[in-house]
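Participant: Sequence:
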Amino acid sequence: MNIHRVLLFCFLSALCDGNTGLANANTFIRTEGGSVIAACPFTLSGRKKFLCKGECKEEDILIETKGSMAQRGRYSIKYKEGTFPVSSTALYVSITQLTKADSGRYRCGLERPFLPDSYWEFEVRVTDAPKTFPEMVKQPEQQQAEETTAAGTAYMVKVSHPGYVLPLVLCVSVLFAAVVLLFYQWKTRRDSDSLDTRGQSDSRNMEFAVHEMCAPVSDTTSPAVDETSSDQIYCNL
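The sequence shown maps to residues -18 to -1, 1 to 219 in mature numbering (1 follows the signal peptide of the UniProt record, and there is no 0).
Since the hints were derived computationally from the structure, they do not count as laboratory data.
Yeah, the Cβ is synthetic: ideal placement off N, Cα and C, and Gly gets one too.
Take these hints with a grain of salt, some might be off.
In silico DSSO-like links for lysine-lysine, alpha-carbon gap of 27 Å or less [what the hints assert, rightly or not]:
1. Lys62 x Lys30
2. Lys35 x Lys60
3. Lys35 x Lys82
Restraint ranges, calculated between C-beta atoms of paired labels, are given here [stated by the list, open to error]:
4. Glu46 x Thr81: 18 to 28 Å
5. Gly64 x Thr109: 28 to 38 Å
6. Glu41 x Pro67: 34 to 44 Å
Go ahead and model the full structure; you've got the sequences and the hints to work with.
Facilitator: What follows is the structure in structure tokens.
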């Protein structure tokens, strides 16, 4: 008699598996942009798996499948079948990129042939993402980045216009002026040497011509001797 009662209790528990009522539901608190994964345990396996929000009417179903895995937008289902009474069956549902509108009560369930459907309920509460603290932390980082950029720009300006440019320009100018002066002196000296050489050549030519003019002329007459002597005296003068 006691064995029959135990078997009847187990059978009724299997039929009524899952959690019913919001008081027994698990609550997940997440921030906006986050995700939630709920593991829904069941005693018996099922053919159709689904996730719904609210009363699980036809319009409340978010995703459903007869396979072991499915995904629809931000919702996904993964089914792991167990063996009663050794292991339980689990249905893993997930919602990503949460918004404030995702807050509410959800049901993941299994549809069984010839048996009532089983549900497992959970609640999701989506809160505002913390904004004040990251902004306070980000402002010094942004200010530091701006200061680093400004310092890098100033360093580039200093490097592009170093202090030795002006002395270098002056040295190049002085060197160029010295080269021009040396070239001018060389050209002047060359012209002067050319004039001296030309003057010496003219002087030699003149002396040669005068020498020819003053050459002695032999004559047997006495008067000629006197004229020649006069010419020689004139030439010596």
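Participant: Now look at each hint and say whether the structure bears it out.
Facilitator: So, going through the hints one by one against the coordinates:
The straight-line distance between the Cα atoms of Lys62 and Lys30 is roughly 13 Å, inside the 27 Å bound, and the hint therefore holds. Between Lys35 and Lys60 the CA atoms are separated by roughly 17 Å; this keeps the pair inside 27 Å, and the hint holds. Distance restraint check for Lys35 and Lys82: the Cα-Cα separation of roughly 14 Å lies within the 27 Å cut-off, and the hinted pair is therefore satisfied. Roughly 22 Å separates the CB atoms of Glu46 and Thr81, a value that falls within the hinted 18 to 28 Å.
The hinted window of 28 to 38 Å between Gly64 and Thr109 holds, with their beta carbons roughly 34 Å apart. At roughly 36 Å, the beta carbons of Glu41 and Pro67 sit within the given window of 34 to 44 Å.
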